[in-house]
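Q: Sequence:
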Amino acid sequence: MPGRAGRSSERPEVLRDFGTMVAPHDDITGMALGWLVDGDERRARLADLPSPFGDRRGGRRIAAAVRELVPAQVPQKVW
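Positions 1 to 79 (the numbering used here) are the ones given, in order, by the sequence shown.
Treat the hints as calculated values from the structure; they're not laboratory data. Keep in mind that this is a model prediction, so the values were computed, not measured. Quick reminder that beta carbons are idealized off the backbone N, C-alpha and C, glycines included. Take these hints with a grain of salt, some might be off.
[To be verified] Quick list of the computed label-pair ranges, beta carbon to beta carbon:
{"id": "1", "residue 1": "Phe18", "residue 2": "Ala63", "range": "40 to 48 Å"}
{"id": "2", "residue 1": "Arg61", "residue 2": "Gly39", "range": "28 to 36 Å"}
{"id": "3", "residue 1": "Gly39", "residue 2": "Leu69", "range": "41 to 49 Å"}
{"id": "4", "residue 1": "Arg57", "residue 2": "Pro12", "range": "19 to 27 Å"}
{"id": "5", "residue 1": "Val37", "residue 2": "Ala72", "range": "53 to 61 Å"}
{"id": "6", "residue 1": "Pro24", "residue 2": "Leu69", "range": "42 to 50 Å"}
{"id": "7", "residue 1": "Val37", "residue 2": "Gly58", "range": "29 to 37 Å"}
{"id": "8", "residue 1": "Arg11", "residue 2": "Val70", "range": "26 to 34 Å"}
{"id": "9", "residue 1": "Glu13", "residue 2": "Asp38", "range": "54 to 62 Å"}
{"id": "10", "residue 1": "Pro71", "residue 2": "Ala44", "range": "43 to 51 Å"}
{"id": "11", "residue 1": "Met31", "residue 2": "Gln73", "range": "50 to 58 Å"}
{"id": "12", "residue 1": "Ala44", "residue 2": "Pro75", "range": "50 to 58 Å"}
{"id": "13", "residue 1": "Lys77", "residue 2": "Ala32", "range": "31 to 39 Å"}
Based on the sequences and whatever the hints tell you, model everything.
A: Here's what the structure looks like:
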């Protein structure tokens, strides 16, 4: 449709199972009610899928990698 914003995302895996793209004139209330009505079924389906946002351990893995790459330095007194 000319003049209408594209329905794309940099995270298509989120939209496939975990979310809904909403355009400016979409019926947001109807979409939300639809999610609530089939909430139990949706939760059961999502329970076995890995989160597209990661496993909540990324920060720890990054910190561990930095500690391995950057040697610890003993702070020197400055006065």
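Q: Going through the earlier hints one by one, which of them does the structure break, listed in rising order?
A: Per hint list: 1, 9 and 13 violated.
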